[in-house]
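Novice: Residue strings, one per chain:
2 protein chains.
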Amino acid sequence: MQDVEAAKDERRGLIVREREPVNLESPFEELNELLTPNDLFYVRSHFAAPQIEADGFELRVGGAVENPFAIGYAELRSMPSITRMVTLECAGNGRLFLTPQAEGVQWGLGAVGTAEWTGVALSVLLDRAKIAKNAAEIVLEGADKGTPKEKPTPAGEIRYARSVERARADDVLIAWAMNGADLTRDHGFPLRAIVPGHYGMASVKWLADVRVVREPFAGYFQTTDYAYWAELEGNPVRRPLSSMKLKSSIARPRMREKVKAGSRYMVFGAAWSGEADLVRVEVSSDGGRSWAAAEMLDKPRPFVWRRWQFAWDAPDVTGICVLKSRAIDARGNMQPEEHDERFGSYVVDHVVGVEVEVR
Amino acid sequence: MQDVEAAKDERRGLIVREREPVNLESPFEELNELLTPNDLFYVRSHFAAPQIEADGFELRVGGAVENPFAIGYAELRSMPSITRMVTLECAGNGRLFLTPQAEGVQWGLGAVGTAEWTGVALSVLLDRAKIAKNAAEIVLEGADKGTPKEKPTPAGEIRYARSVERARADDVLIAWAMNGADLTRDHGFPLRAIVPGHYGMASVKWLADVRVVREPFAGYFQTTDYAYWAELEGNPVRRPLSSMKLKSSIARPRMREKVKAGSRYMVFGAAWSGEADLVRVEVSSDGGRSWAAAEMLDKPRPFVWRRWQFAWDAPDVTGICVLKSRAIDARGNMQPEEHDERFGSYVVDHVVGVEVEVR
Chain A
82 MQDVEAAKDE RRGLIVRERE PVNLESPFEE LNELLTPNDL FYVRSHFAAP QIEADGFELR
142 VGGAVENPFA IGYAELRSMP SITRMVTLEC AGNGRLFLTP QAEGVQWGLG AVGTAEWTGV
202 ALSVLLDRAK IAKNAAEIVL EGADKGTPKE KPTPAGEIRY ARSVERARAD DVLIAWAMNG
262 ADLTRDHGFP LRAIVPGHYG MASVKWLADV RVVREPFAGY FQTTDYAYWA ELEGNPVRRP
322 LSSMKLKSSI ARPRMREKVK AGSRYMVFGA AWSGEADLVR VEVSSDGGRS WAAAEMLDKP
382 RPFVWRRWQF AWDAPDVTGI CVLKSRAIDA RGNMQPEEHD ERFGSYVVDH VVGVEVEVR
Chain B
82 MQDVEAAKDE RRGLIVRERE PVNLESPFEE LNELLTPNDL FYVRSHFAAP QIEADGFELR
142 VGGAVENPFA IGYAELRSMP SITRMVTLEC AGNGRLFLTP QAEGVQWGLG AVGTAEWTGV
202 ALSVLLDRAK IAKNAAEIVL EGADKGTPKE KPTPAGEIRY ARSVERARAD DVLIAWAMNG
262 ADLTRDHGFP LRAIVPGHYG MASVKWLADV RVVREPFAGY FQTTDYAYWA ELEGNPVRRP
322 LSSMKLKSSI ARPRMREKVK AGSRYMVFGA AWSGEADLVR VEVSSDGGRS WAAAEMLDKP
382 RPFVWRRWQF AWDAPDVTGI CVLKSRAIDA RGNMQPEEHD ERFGSYVVDH VVGVEVEVR
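Going down the list, the sequences are from chains A and B.
Numbering-wise, this note's numbering comes out as the position in the first sequence, counting from 1, plus 81.
Numbering-wise, this note's numbering comes out as the position in the second sequence, counting from 1, plus 81.
Hints are supplied without guarantee of correctness; some may be wrong.
Copies of one chain are not kept apart here, so a pair can be met inside one copy or by any two copies together.
Unchecked claim - Here are the simulated SDA-like cross-link-like pairs (lysine to any residue), alpha carbons at most 25 Å apart as the crow flies: (1) Lys211 / Ser365; (2) Lys226 / Glu114; (3) Lys341 / Val403; (4) Lys232 / Glu99; (5) Lys339 / Ala216; (6) Lys232 / Glu438; (7) Lys226 / Arg423; (8) Lys211 / Met347; (9) Lys380 / Met160; (10) Lys226 / Glu422; (11) Lys214 / Ala248.
Because the hints were derived from the structure by calculation, they are not lab data.
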């Protein structure tokens, strides 16, 4: 990795990117399994992690509904549950690869992971609350709070909150378990949202309030942070980030790895999209001049990454080789060569070359 | 005035607050007439003033309409016109009085003025274009463009643009004259919008495009700049600034003016509101402990300021007196004592004390 200051947290096997609030990166070069082990799953926090006791905890459901209610943790867990595999990627994953360097947590490749999440459908809770006909969005609000840094900044402490569009709410889980184990505090205990296909910012941790609103939500993490400049008939307009863009990453070889000349090396990685289905990954070992299809190791599942591999025959002569991967989706879209500046320091989905030393 | 760096522009009688882009303040202490003379009317620019020739100039009307069209300057001027008196105040007027000092043009009292504007109703143009049933807002776009400074900032040059809600559009003028004279370049020649009751940011100068859109407009000057943090059920939410708040200002005496002990001084000022009707102004000569009604000099007109005066008998003893004025509207709202921090460096509508030296 390029970031020499990041130190491995030996206790947990995660790369510490920030201690307060805690932001930990998965060691992507160690990717093997389809499901990321819980203790290697990246942790993204905006404020200090609240300490919440399950006993007495209640999730509130209110706003533009006929029947606002609060539901206890135990009651929620006794309801019929769904277990669903979902890949989450932080919208700032890969920020380390931006030039010039951008402000924010310096994520490398590993602010992404896949788990099986268990919980109830948000739609079941909304049906019980009977949402108003003119409801527009559902605001998911965490118990975590603090003072954000980006401008323009509201005065005082705010709670983390994001919204999902009403139509999108059918997909969303209110989860209490991750790969079969109760959520840890870092991952949002006792409850978190899981919004399949969206960047991780939408999967609100320490979920405390589900609030139905009648107009598009213009909260801080929806407009100032986790937002970008789209274009509307020639004008830049501010829009919230939403679905994960088509992307592939190379887990192995690592940046600057030494490979024996003339050997066969199994290039290994993962690829995903929160939009159209991912159908193919291609690999180049000559810096992008020629490309060949990689072997997909996982069947397609909605909003879940697919691991891939590619047998690369390292050249007989010594020197630097630049390996690249690119993903292609069912609509024929291809992972871009360059970062789209409209996204600022987010959506770093462009092809990143991995320089390998053949010797 | 507190701002010692601001120099009078002798050529024009305006106070130069910024040269590029040109931002000029009206000398509020010279307020006399109901209508501000054109050469004393404040000038607010975001980018360099475009040089537009009337010959060949066309205003475009398009977007979510059945019949998009362009109309020439001469044709527009040949249409039945409306002349309407309107007070415009810059949303940053009074920024000089914020503590701590805020970024932005350091306006004192005089980024406000009243003129008679002549033009056609925007609604006439929209009727001709036949706007779509599901239209939400009307974007007014100027020909001026540049790179804004506030964060988050879109990449590259953008044009100045603001929107008015569909319902609000009935009020709006597309004006070519100001107090009977053609607009000058600084005031938006050949055409500008006039949005009565709103801060000046809505009255787009060098108007080039009227564009109907189907969703609330989230442009830079609607979300990043000229916006504030409202509260929605405990969450800060970003909203565009809109109507001018209830406010009064003292034109005379000036800050630090010397007044003869025992003399009668005619305190003079103006007051306005873009919301409920302004009904009363009160004056205090003891720093706000006691208040008495001022005499209103102008009849009430919608979205037009009213001048007022108050006969103050200066004390017989020498010392500092703090004069204050406050406005009251038809709903019983009173001009606030403190600046509302949610508005950042905008909406500086609080009561400002004028220190006078009695000697």
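Novice: Each of the hints needs a verdict: does it hold here or not?
Specialist: So, going through the hints one by one against the coordinates:
1. In this assembly of identical chains, Lys211 and Ser365 lie within 25 Å of each other by CA distance neither inside one copy nor across copies; the values are 53 Å within and 54 Å between.
2. In this assembly of identical chains, Lys226 and Glu114 lie within 25 Å of each other by CA distance neither inside one copy nor across copies; the values are 34 Å within and 52 Å between.
3. In this homomeric assembly, Lys341 and Val403 come within 25 Å of each other (Cα to Cα) only inside a single copy, at 15 Å, whereas the closest approach across copies is 84 Å.
4. When the C-alpha separation of Lys232 and Glu99 is checked against a cutoff of 25 Å, the pair qualifies both within a copy, at 20 Å, and between copies, at 24 Å.
5. In this assembly of identical chains, the alpha carbons of Lys339 and Ala216 never lie at most 25 Å apart, being 57 Å within a copy and 60 Å across copies at closest.
6. Proximity of Lys232 and Glu438 under a CA criterion of 25 Å is satisfied in neither setting, with 42 Å inside one chain copy and 41 Å between copies.
7. Proximity of Lys226 and Arg423 under a CA criterion of 25 Å is satisfied inter-copy only: 18 Å between copies versus 28 Å inside one chain copy.
8. For the homomeric pair Lys211 and Met347, neither the shortest alpha-carbon distance inside one copy (53 Å) nor that between copies (63 Å) is at most 25 Å.
9. Within a single copy, Lys380 and Met160 get their C-alpha atoms no closer than 30 Å, and across copies no closer than 67 Å, so neither meets the 25 Å cut-off.
10. When the C-alpha separation of Lys226 and Glu422 is checked against a cutoff of 25 Å, the pair qualifies only between copies, where the shortest distance is 19 Å, while the shortest distance within a copy is 30 Å.
11. In this assembly of identical chains, Lys214 and Ala248 lie within 25 Å of each other by CA distance both inside one copy and across copies; the values are 12 Å within and 22 Å between.
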